[in-house]
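In the order they appear, the protein sequences are chains A and B. Residue numbering for the first sequence follows the numbering used here, beginning at 1 and increasing consecutively. Residue numbering for the second sequence follows the numbering used here, beginning at 1 and increasing consecutively.
Errors might be hidden in some of the hints.
Stated by the list, open to error - In silico negatives: residues of chain A with every beta carbon more than 12 Å from chain B:
id : residue
1  : 34
2  : 40
3  : 42
4  : 46
5  : 47
6  : 51
7  : 86
8  : 89
9  : 94
Said to hold, decoys possible - Here are a few chain B residues that face chain A, going by a calculated C-beta distance under 8 Å:
id : residue
10 : 13
11 : 16
12 : 20
13 : 22
14 : 75
15 : 77
16 : 95
17 : 96
18 : 98
19 : 99
20 : 102
21 : 105
22 : 171
23 : 185
Claimed, not checked - Pairs of lysine-lysine residues, derived as DSSO-like cross-links and limited to a Cα-Cα distance of at most 30 Å, are as follows:
id : chain 1 : residue 1 : chain 2 : residue 2
24 : A       : 37        : B       : 30
25 : A       : 43        : B       : 30
26 : B       : 91        : A       : 43
27 : A       : 33        : B       : 13
Simulated from the structure, these hints should not be mistaken for laboratory data. Nothing here was measured: the structure is a model prediction, and the numbers come from that model. The beta carbon of each residue, even a glycine, is placed where N, CA and C say it ideally should be.
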Amino acid sequence: MPIDSTPLDFLPIALTFIVALGFVVTTMFVTHKLGPKRKSKIKEDTFECGIEVQGNARIPFSIKYFLVAILFVLFDVEVIFMYPWAVNFKELGLLGFLEMLTFVAFLLVGFYYIIKKGALKWE
Amino acid sequence: MGVIEKSKIDITKAPEGVEGPGFFATRIDKVVGMARANSLWPLPFATSCCGIEFMATMASTYDLGRFGAERLSFSPRQADLLMVMGTIAKKMAPVLRQVYEQMAEPRWVLSMGACASSGGVFDTYSVLQGIDRIIPVDVYIPGCPPRPEQVLDGILQIQELVKSESIRRRDSEEYKQLLAKYKIE
Numbered sequence: 001m002p003i004d005s006t007p008l009d010f011l012p013i014a015l016t017f018i019v020a021l022g023f024v025v026t027t028m029f030v031t032h033k034l035g036p037k038r039k040s041k042i043k044e045d046t047f048e049c050g051i052e053v054q055g056n057a058r059i060p061f062s063i064k065y066f067l068v069a070i071l072f073v074l075f076d077v078e079v080i081f082m083y084p085w086a087v088n089f090k091e092l093g094l095l096g097f098l099e100m101l102t103f104v105a106f107l108l109v110g111f112y113y114i115i116k117k118g119a120l121k122w123e
Numbered sequence: 001m002g003v004i005e006k007s008k009i010d011i012t013k014a015p016e017g018v019e020g021p022g023f024f025a026t027r028i029d030k031v032v033g034m035a036r037a038n039s040l041w042p043l044p045f046a047t048s049c050c051g052i053e054f055m056a057t058m059a060s061t062y063d064l065g066r067f068g069a070e071r072l073s074f075s076p077r078q079a080d081l082l083m084v085m086g087t088i089a090k091k092m093a094p095v096l097r098q099v100y101e102q103m104a105e106p107r108w109v110l111s112m113g114a115c116a117s118s119g120g121v122f123d124t125y126s127v128l129q130g131i132d133r134i135i136p137v138d139v140y141i142p143g144c145p146p147r148p149e150q151v152l153d154g155i156l157q158i159q160e161l162v163k164s165e166s167i168r169r170r171d172s173e174e175y176k177q178l179l180a181k182y183k184i185e
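Modelling step: build the complete structure from the supplied sequences, incorporating the hints.
Below you can see the structure in the form of structure tokens.
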């Protein structure tokens, strides 16, 4: 069966995009125009449960926290690989087990490395 | 096994308007009012026992969600209705005031219970004698504390206000004067 598609066949897709964009633009425009508005210094202020704001939220904080968080995410994600392996444990057999062992060994090397580097030291 | 009762959920009735085959025309402030009234987002400012009564109002027996107000907003930015529940100490007054001021227009205030409305039994130096000394209040609920039915009634009163509010009210001179009276910019 020959496929004869013309660029015109993609018109519905273009129309969908135009309608989607038009809907967003129109609703945003209308809500901004229709709704009542009131601006003041207190209104625009940061919301801190009604208490006066102390200082700025954009302050430098310890890189250690960031490092620990990233490392956590890294190891956390790797645990996800254990689940499919655990589900198919019997089918994968000894080979799967050895592969997983290699994987965990690599992880442990990385773990040893970060401990040696002192990445988890807080002091 | 009992017979499962048929759902008694009612859909909000359409406002008055001109109807014909395939079209319906009405005033925009009626539609806006209907939409606003049936999707109020309350900000619970609960400081004492009225707050406990409010929890009962939110829970399954009384279920404020039936009136479209189940979505509590803990930020004034998205809230439509400020529900002040409980004793407001004078130290708390500026906090309440700032929360009110940071709410987006249009906004309504419900004062629940004797303490919020008038200071209640706490006629002392430390307690604000009614929140209407610092912010304008739309509906008062009497009681110490009020029963959930009364809270529901209060919400319905607010809904009536919301439905009947003119779309231009918040820009009106009268409203500006009201805010000026409370020295709110």
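Over 12 Å from every CB of chain B: does residue 42 of chain A meet that, or does the non-interface label fail? 5 Å, violated
Non-interface claim for residue 40 of chain A versus chain B (Cβ beyond 12 Å): 4 Å, violated
Restraint check for residue 43 of chain A with residue 30 of chain B, where alpha carbons must lie at most 30 Å apart: 28 Å, holds
Could you let me know if the closest chain B CB is still more than 12 Å away from the CB of residue 86 of chain A? 39 Å, holds
Return the status of the interface hint for residue 185 of chain B: holds when the least beta-carbon distance to chain A is below 8 Å, violated otherwise. 4 Å, holds
Given residue 98 of chain B as an interface hint, is its Cβ closer than 8 Å to any Cβ of chain A? 4 Å, holds
Non-interface label on residue 51 of chain A, tested against every C-beta of chain B at 12 Å: 6 Å, violated
Does the claim that residue 34 of chain A lies outside the interface with chain B hold up, using a Cβ gap greater than 12 Å? It is violated; residue 34 of chain A is separated from chain B by about 7 Å at its closest Cβ, not greater than 12 Å.
Going by Cβ atoms only, is residue 102 of chain B closer than 8 Å to chain A? 6 Å, holds
Distance rule for residue 94 of chain A, whose beta carbon must clear each one in chain B by more than 12 Å: It holds; residue 94 of chain A is separated from chain B by about 54 Å at its closest Cβ, greater than 12 Å.
Over 12 Å to the closest beta carbon of chain B is the bar; see if residue 47 of chain A clears it. Since the minimum Cβ distance to chain B is about 6 Å, residue 47 of chain A lies within 12 Å and the statement is violated.
So, residue 99 of chain B near chain A? Judge it on the closest CB pair being under 8 Å. 4 Å, holds
The structure fails to meet hints 1, 2, 3, 4, 5, 6, 10, 11, 12, 13 from the earlier list, while all remaining hints are met.
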